[in-house]
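Residue numbers (the numbering used here), protein chains in the order written: chain A, 300 to 912; chain B, 300 to 912.
Do not rely on the hints blindly, as some may be mistaken.
A pair counts as met if it fits within one copy or between any two copies, since identical chains are not told apart.
With a straight-line cut-off of 25 Å between C-alpha atoms, the simulated DMTMM-like cross-links for lysine to aspartate or glutamate are [said to hold, decoys possible]:
#, residue 1, residue 2
1, K624, D548
2, K612, D571
3, K864, D521
4, K301, D548
5, K864, D369
6, K624, D573
7, K864, D364
8, K864, D370
9, K301, E350
No wet-lab data here; the hints were simulated from the structure.
Number of protein chains: 2
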Amino acid sequence: MKTSIATVCLSGTLTDKLHACAAAGFDGVEIFEPDLLAAPESPEEIAALAERLGLTLDLYQPLRDVEGVDDAAFSAVMHRAEAKFRLMQRLGMDLVLCCSNVATATIDDDAVSASQLRRLGDLAQGYGIRLAFEALAWGRFIDDYRRAWRVVELADHPAVGVCLDSFHILSRGHDPARIRDIPGDRIFFVQLADAPLLSMDVLSWSRHHRLFPGEGGFDLADFTALVVAAGYRGPWSLEVFNDTFRQTDPGRTALHARRSLRWLEDAVARTDPDATAHRSDIAMLPDSAAPSDIDFVEITAEDTSAVEELLLKLGFTPRGRHRTKAVTLWTAGEARVVLNEQHARGREPQLAAIGFEVDDAEAVDLRLRDLRVPRAYRRTYATEERLNGAVAPDGTAVYWAQAADEGDPAWVAEFEHGEPPQDSTILGVDHISLTQPWQVVEESTLFYMAGFSLSLESRTEVPGPEGLVESRVLTAPGGAIRIPLNVAPAILAERGAAGSASLPQHAAFRCSDVRALARAARTRGFRPLPLPRNYYDDLAARFALADDVLDELQDLHLAYDRDAKGEYLHFYTGTLGEVFLEFVERVHGYAGYGAGTAPVRLVAQRGADSVQE
Amino acid sequence: MKTSIATVCLSGTLTDKLHACAAAGFDGVEIFEPDLLAAPESPEEIAALAERLGLTLDLYQPLRDVEGVDDAAFSAVMHRAEAKFRLMQRLGMDLVLCCSNVATATIDDDAVSASQLRRLGDLAQGYGIRLAFEALAWGRFIDDYRRAWRVVELADHPAVGVCLDSFHILSRGHDPARIRDIPGDRIFFVQLADAPLLSMDVLSWSRHHRLFPGEGGFDLADFTALVVAAGYRGPWSLEVFNDTFRQTDPGRTALHARRSLRWLEDAVARTDPDATAHRSDIAMLPDSAAPSDIDFVEITAEDTSAVEELLLKLGFTPRGRHRTKAVTLWTAGEARVVLNEQHARGREPQLAAIGFEVDDAEAVDLRLRDLRVPRAYRRTYATEERLNGAVAPDGTAVYWAQAADEGDPAWVAEFEHGEPPQDSTILGVDHISLTQPWQVVEESTLFYMAGFSLSLESRTEVPGPEGLVESRVLTAPGGAIRIPLNVAPAILAERGAAGSASLPQHAAFRCSDVRALARAARTRGFRPLPLPRNYYDDLAARFALADDVLDELQDLHLAYDRDAKGEYLHFYTGTLGEVFLEFVERVHGYAGYGAGTAPVRLVAQRGADSVQE
């Protein structure tokens, strides 16, 4: 399909925005009027720049408060509209968005609105321009796309059609199925936006919280499939008012936006294969299932020896050094930790990469290329396993490799002079928590959803001693992959920008017997992150735990939680650089992450600063 | 009155919070349970620390989901409650908050809830503890303080009373007047929070957006006066869940919080003088009217010569150099600009201080001391006018001096070797826009409201090329003082934290004929911030301006706006360091600030970077 995006979605000046849209591969743009007004370039210059960049100028927006007014007000509307039509001629544009009246409407009468749109249509036609009439969710009288279509039908003018905006329709809970009743050639334009399902006034929701398709709670695949089924052939255009995207680098946001439309195209093709099968311009992404497991976790540092010491205490086996790189491998059960000292001068330990096991590495490769995800480069030699990788929005390198039928994956053989694997109570990786700069968390969500078919399982907020941490969990079916994405409070982000640490990241390992692991590690000199006595007193108040169970938990500094299904026992290491580890046992299918413990952990980590193991 | 604050209002660990509350002069605190659970200190240590700091532990909070449940659930409640009562004994506490059930209630029957509260009361009494029952705004069955009181009446137990929380009552629009029906000794506790008037689900509103008294839209003076009139004698306690205060320095937030209670005390005394006249613990602040004018604006820089050059072109008169300091004075009409090169090594020009003219400098002095506002120090010599000053939360020094009956204020005579004042089209200072770090904007609002009797006139958002700028305007009656406070988008704040500039600040000067000023300045080589041609085309579309008027506006780079009353003409200088100037003409009582032009200005400033005049 033809793709478009409103300039209001992006930060910067109008010319910044046009360059960003073109670089991201958009076919066209909507010109948001305030962007043009503030631009020093003439309309002719903007038109020429767009042409050079290969961008069509699809929609001028918006003309506000044009109908439902008395005659005196309407003549002012005609004066204003004509000035804008002249401007559009200079821009070489032929479609303008007219929003339903929110401010000046005094006449609640479809016939009056239709007649005024008809007169505007006559005027527009003289300039070769068409009007796309849109019901705003907070329109004074017209706030429903079905009524807007009724008014357009009444206006009965070739230059007057409707614009459908997913936000204005879905935010109000209006059934989009009636879109089928509108002839495709009367739908002059379609604007797409997702949004989280918030309970707040719809104007603020619309102006601040819109998201790109796939990132919120609307069923945009269904909506867009209806538009396609109605016969609409115009651009799929993003109009996303979002406080964050207004601030972030426009080139990056435009790529993110373009990727969301590719995801939507795939979803539409899967939603209505019959309607899209004959459309060569609506294609699915290459099929690929979600990863089946975590292949490895990689920690980089100039000197990884503190991490090695910690892993040894926790029963990991050193499997040797890579035959061509300053990299070592540590394993326990199916958990593999790669310690990398390459290109890490001055770096404290940090979680730098994740490897996924996938069923079809080639399909993932094609899918991520199709989504224009930036590639992670890793030098490999002829005799080594090739690693496919992408750079996630937060900078984490994400690799994927064909899952081994049994035993170690092939790349493990590249590590030499190590010890053989030993039995371990550690089974594998349970989850990997990644700290997201607030600027990229939506992009990261789309990255894992669209690129790796993960689902957004839950959202929560964790109160820490320096503010609320927003947390969302992405999972593969069955919990094979669990990735909590955490957004640090702004104050920590500012400190991060000034060079000090934000929130540490962590990898959590699944164990068959976490008590045994904690005891064994203690005999090897390990000291977990201490949890306070008050925490255990509260466990006693909340859960009917036997005294000896409670004593053992406290003795081992184990945290405890319970849900409808089962129990969760876990402990944390201290923080090394910007990373710590967690060891968890899920009893009887406990599904959470010990959210009740996280605030306690955040305070304990703050007290502990950098703990030596 | 006795003051208290919930530890959840502040960031940091529990001991951080206790120290902050004591330093700010609070009498006591509410212990928010999660703060205690995460603390490594024992309850006895916390109690001992509070005692040493002179803080009473007023309320343990909260016990949740205790009533309206079946018998099986209620025995779990009793188990849990007893563990908490034991804990409270160790803390030496005797009052616990019980919230109305939100999660586990299955029985919608006042008699059942009352009976369960009575049994809890019996249990509590054995520990010397009382229960304060509070209706949460989102309680499953009990969500209204009047119903909570009915249940407490039914429970009829000496250890069971109510807690009144202003947020839970006012957010739902419940009439607080019925508080008078509750005997004062049955009101066991009062929690105070303000909030902006938002239209969103009340739970999110409560958890994220509460404010300290005076900073939001609730009538807390009326609410608190009702509580006082009912005969309540317990603490006035702040419970403010706010995403920002959770992050900011707890010592600073505690002072801010304490100041808000002092403001509230004053407002209550004024709301109901009869009820409070005999209360020696409820006192008004020293009376002082809002400032009558801006006395001066001060710009500091290591080298102020670029500003001098700019002021000369704009027709300011150099009035000389201060007789003891590296400070010069420039005036035009009643506008006085002080250029200060003291203590400014390495500094680019920035707006550093404001002077107010007041009717009673001594009263302002007393008022600000009473509010514990930090003082600004400025060295003065025996023969010089003494300057009273305070440090505003954003770091701006705010001075005040007795208004002169006529002519220059006395301090002007301290400047020597200057030129005599000349006639000028510049009349005085119109407004001063200050950029606020997001952490302090509420504190700043309270500073000007409580300290200088300004009012919050309006709030708006200005879209800039790097995000939305939140703007609120504080004014004195009649517009003698106008101070827009602007909060920069987070991305600029992060850059600011990293050392580069956030949003520039500015002083705007009121003129009798801004066109004449612009023309005269041009002959002296001045070049205003250029506004784009597209902006003028839009003016033509929006307003019926004659062509010659429009041509003149564009020729002089004048911005234009119109409201119901009149017109606004203004132009901007380029930015010098972190400050620029604006010159405005208000025709027929135009009341705004040209909000429509601000987005255009932000883009123009970004394009211009640092413009040379």
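Checked hints:
Taking identical chains as interchangeable, the C-alpha atoms of K624 and D548 are never at most 25 Å apart, the minima being 35 Å within one chain and 45 Å between chains. In the homo-oligomer, the alpha carbons of K612 and D571 never lie at most 25 Å apart, since the shortest distance is 55 Å inside one protomer and 68 Å across protomers. Taking the shortest Cα distances, K864 and D521 never come within 25 Å of each other, neither inside one copy (34 Å) nor across copies (49 Å). In this assembly of identical chains, the alpha carbons of K301 and D548 lie at most 25 Å apart only when taken from the same copy (24 Å versus 50 Å across copies).
Only between protomers do K864 and D369 lie at most 25 Å apart by alpha-carbon distance; the minimum there is 22 Å, versus 64 Å within a single protomer. Taking the shortest Cα distances, K624 and D573 never come within 25 Å of each other, neither inside one copy (51 Å) nor across copies (83 Å). Taking CA atoms no more than 25 Å apart as the test, K864 paired with D364 passes between copies only; the shortest distance there is 21 Å, against 55 Å inside one copy. Taking the closest pair of Cα atoms, K864 and D370 come within 25 Å of each other only across two copies (23 Å); inside a single copy the shortest separation is 67 Å, beyond that limit.
Taking identical chains as interchangeable, the C-alpha atoms of K301 and E350 lie at most 25 Å apart only when both belong to the same chain, with a minimum of 16 Å there against 70 Å between chains.
Checked against the numbered hints given earlier, this structure breaks hints 1, 2, 3 and 6; the rest are met.
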